Amino acid sequence: MIRFEGVTHCYGDHKALDDLDLEVDRGETLALLGPNGAGKSTTISILLGLVTPRLGSVEVLGASPRQAVAQGRVGAMLQTGSSSGLPPGVRVEKALQLVRRLYRQPAPFDLIVERAGIGDLLQRRTQHLSGGQAQRVRFAIAIAGDPELIFFDEPTAAMDVDSRRSFWRMIRQFGREGRTTVFATHHLQEADEIADRVIVVNHGRVVANGPGTTIKAAVCTRRLRFVVENPDERVLDALEGVTDVEVRGKGVVLDSLDADATVKALVKSQVAFRDLELTSAGLEEAFIALTERRPAPTGELGV
Amino acid sequence: MSALLAFGRFEVGRLIRSWKFLTITVGFPVIFYMLFLGDHSAGKVIDGATPWRVYLMVTMCSFGALVSSLTAGGSRLSIERGSGWARQLRVTPLPSWSYVATKVTASMLVVLPVVMLVEIVGIGFGGVRLGVGTWFELTALLWVTALPFAVLGTFVGFMVHAETAFPVVTGLMFVLGYFGGLFNPVDHMPYALQVTARILPSYHQASLGLAVIDGHGLGALHWLVLAAYAAALGLVIVWKHRVEEARGLA
Chain R
0 MIRFEGVTHC
10 YGDHKALDDL
20 DLEVDRGETL
30 ALLGPNGAGK
40 STTISILLGL
50 VTPRLGSVEV
60 LGASPRQAVA
70 QGRVGAMLQT
80 GSSSGLPPGV
90 RVEKALQLVR
100 RLYRQPAPFD
110 LIVERAGIGD
120 LLQRRTQHLS
130 GGQAQRVRFA
140 IAIAGDPELI
150 FFDEPTAAMD
160 VDSRRSFWRM
170 IRQFGREGRT
180 TVFATHHLQE
190 ADEIADRVIV
200 VNHGRVVANG
210 PGTTIKAAVC
220 TRRLRFVVEN
230 PDERVLDALE
240 GVTDVEVRGK
250 GVVLDSLDAD
260 ATVKALVKSQ
270 VAFRDLELTS
280 AGLEEAFIAL
290 TERRPAPTGE
300 LGV
Chain Y
0 MSALLAFGRF
10 EVGRLIRSWK
20 FLTITVGFPV
30 IFYMLFLGDH
40 SAGKVIDGAT
50 PWRVYLMVTM
60 CSFGALVSSL
70 TAGGSRLSIE
80 RGSGWARQLR
90 VTPLPSWSYV
100 ATKVTASMLV
110 VLPVVMLVEI
120 VGIGFGGVRL
130 GVGTWFELTA
140 LLWVTALPFA
150 VLGTFVGFMV
160 HAETAFPVVT
170 GLMFVLGYFG
180 GLFNPVDHMP
190 YALQVTARIL
200 PSYHQASLGL
210 AVIDGHGLGA
220 LHWLVLAAYA
230 AALGLVIVWK
240 HRVEEARGLA
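From first to last, the protein sequence lines are chains R and Y.
Residues 0 to 302 (numbering that gives the first Met the number 0) make up the first sequence, in order.
Residues 0 to 249 (numbering that gives the first Met the number 0) make up the second sequence, in order.
Everything labelled a hint here was simulated from the structure, so no lab data went into it.
Computed from a prediction, not measured in an experiment: that's the story for all the values here.
Honestly, I wouldn't trust all of these hints.
[What the hints assert, rightly or not] Mimicking DSBU-like on lysine-lysine, the simulated pairs with C-alpha atoms at most 30 Å apart in a straight line are:
#1 K43/Y to K93/R
#2 K249/R to K267/R
#3 K239/Y to K14/R
#4 K19/Y to K93/R
#5 K249/R to K263/R
#6 K43/Y to K239/Y
[What the hints assert, rightly or not] Below, a sample of chain R positions facing chain Y; criterion: calculated Cβ distance under 10 Å:
#7 Y10
#8 A62
#9 S63
#10 V68
#11 Q78
#12 T125
#13 I140
#14 G240
[What the hints assert, rightly or not] What follows is a set of in silico ranges between Cβ atoms, one per label pair, in the way DEER data are often shown:
#15 E4/R to G26/Y: 55 to 63 Å
#16 T51/R to G214/Y: 33 to 41 Å
#17 S81/R to D186/Y: 46 to 54 Å
#18 G123/Y to E113/R: 27 to 35 Å
#19 P112/Y to D18/R: 28 to 36 Å
#20 T163/Y to G174/R: 41 to 49 Å
#21 P94/Y to D12/R: 31 to 39 Å
#22 Y10/R to L3/Y: 26 to 34 Å
#23 R175/R to G26/Y: 50 to 58 Å
#24 A227/Y to D12/R: 52 to 60 Å
#25 S81/R to R246/Y: 38 to 46 Å
#26 D161/R to G123/Y: 58 to 66 Å
In this text, a Cβ means the ideal position worked out from N, Cα and C, and glycines have one as well.
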């Protein structure tokens with residue numbers, strides 16, 4: 000479906016992608032997860048043929064990205080920053096009809112309207128849409144050609160909670176219809192909720208690759224809470240696996256990348272702790288732990 | 000092919016449905032024709048051959064072609080390119096070259112009715128009378144030679160930022176209109192301005208139109224200058240388009 004091998008791309012001196020590999024199977028829903036500037040948008044631009052990478056080979060639907068787009072088999076919702084991404088001065092209906100006519104076998108008009116939830120926006124001119132409304136229209140445009148493969152670059156950025164949920168439902172529906180979806184996001188929850196597989200990207204490299212739960216396990220930041228009479232921060236910080244120490248009076252909170260090792264070390268250190276509590280750190284913490292570190296070899300995180 | 004047609008129809012439809020566009024492109028040349036015609040000068044003869052009302056009709060056709068082209072491209076195009084829509088079109092099956100080509104073609108398509116409208120006002124208001132063959136020749140010629148203007152409008156849309164495009168367009172209308180001799184015969188201007196006029200496409204386009212009227216034959220130099228303008232500006236647009244594509248911006 001998609002093969003992306005050893006792709007490197009630079010903008011001036013900035014290395015946006017650094018020998019990045021990825022593969023997507025037919026019908027799969029893949030999330031590209033990473034902070035801003037990680038290389039997600041560049042990856043999508045390359046897969047759409049908008050950008051030609053310096054190095055590496057890219058194949059989309061058995062062809063070059065540009066061929067796949069020209070064949071009308073690909074749809075995309077791009078990031079547009081503060082602008083609408085729509086033709087100014089045109090009614091939504093006209094813009095959508097135009098895009099449908101650019102494809103040989105477009106999706107039925109009514110189905111697109113229903114799926115994007117833009118029935119009430121059809122007669123509006125594009126410059127009068129709110130950010131979230133424009134995003135729904137761009138979603139409609141992305142699916143207008145009834146594509147086998149759809150790209151979404153931070154699709155829910157301007158959406159409220161309700162639109163976001165209905166968007167997620169839509170993506171799952173695409174998966175059931177056998178369509179392949181690739182979307183970029185920096186919301187872990189979003190990636191975890193809708194993707195079959197999550198690829199974490201940072202500094203232009205793949206940091207981790209697997210189902211959402213595996214990603215979490217790979218970085219299992221666990222949080223240990225306990226009480227000690229006279230906590231010594233230096234001793235606690237030196238324990239195996241500990242990434243962060245917080246001491247408040249007698250209460251101690253440790254973040255650890257290896258909870259088992261930390262507990263063993265804690266016992267050995269003969270710190271007189273009590274009321275030990277062990278929790279899994281939230282997804283956000285796991286994500287920060289993943290992306291804040293410098294680029295690491297993929298193997299280290301147990302891909 | 001059907002994708003191209005759909006896009007062309009869409010672009011032309013957008014232009015003719017825009018009130019701002021219609022008011023400017025139709026209003027300017029028509030109002031200026033009526034304004035500058037003047038009762039006393041309507042029968043005045045320019046350079047011993049062409050009556051002022053005919054001269055002005057031809058130059059206002061030129062001006063109409065210029066204004067509609069600059070308005071069709073210009074800030075409209077600049078704003079659109081900034082909106083991300085051009086980029087969105089690149090991820091549809093529409094061939095990437097067709098974006099520029101369709102913009103220029105759409106400009107050309109709206110030039111024709113503007114030229115014809117000014118001619119009708121010339122007939123009705125200015126009392127211009129020409130032979131049927133001359134009308135056809137004049138209309139066809141003014142239309143074809145509007146190509147450099149259509150390319151120029153697209154050029155401004157590509158090269159100038161949306162915020163500065165409007166003053167640039169206004170400036171170009173004034174410079175090409177006034178110094179190109181569209182409001183006042185070039186031969187009546189000071190020598191320096193007469194020289195200036197000869198480097199402007201508007202002067203050469205109007206000169207070709209006037210040559211049809213007084214039967215002087217169509218000067219090759221005029222054609223050459225117009226073709227050079229169209230080609231040079233067109234090449235810069237194509238270059239800019241390529242650069243943006245390579246960077247993934249457009």
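So which hints don't hold here, by number, going up? 1, 6, 8, 9, 14, 16, 18, 19, 24, 25
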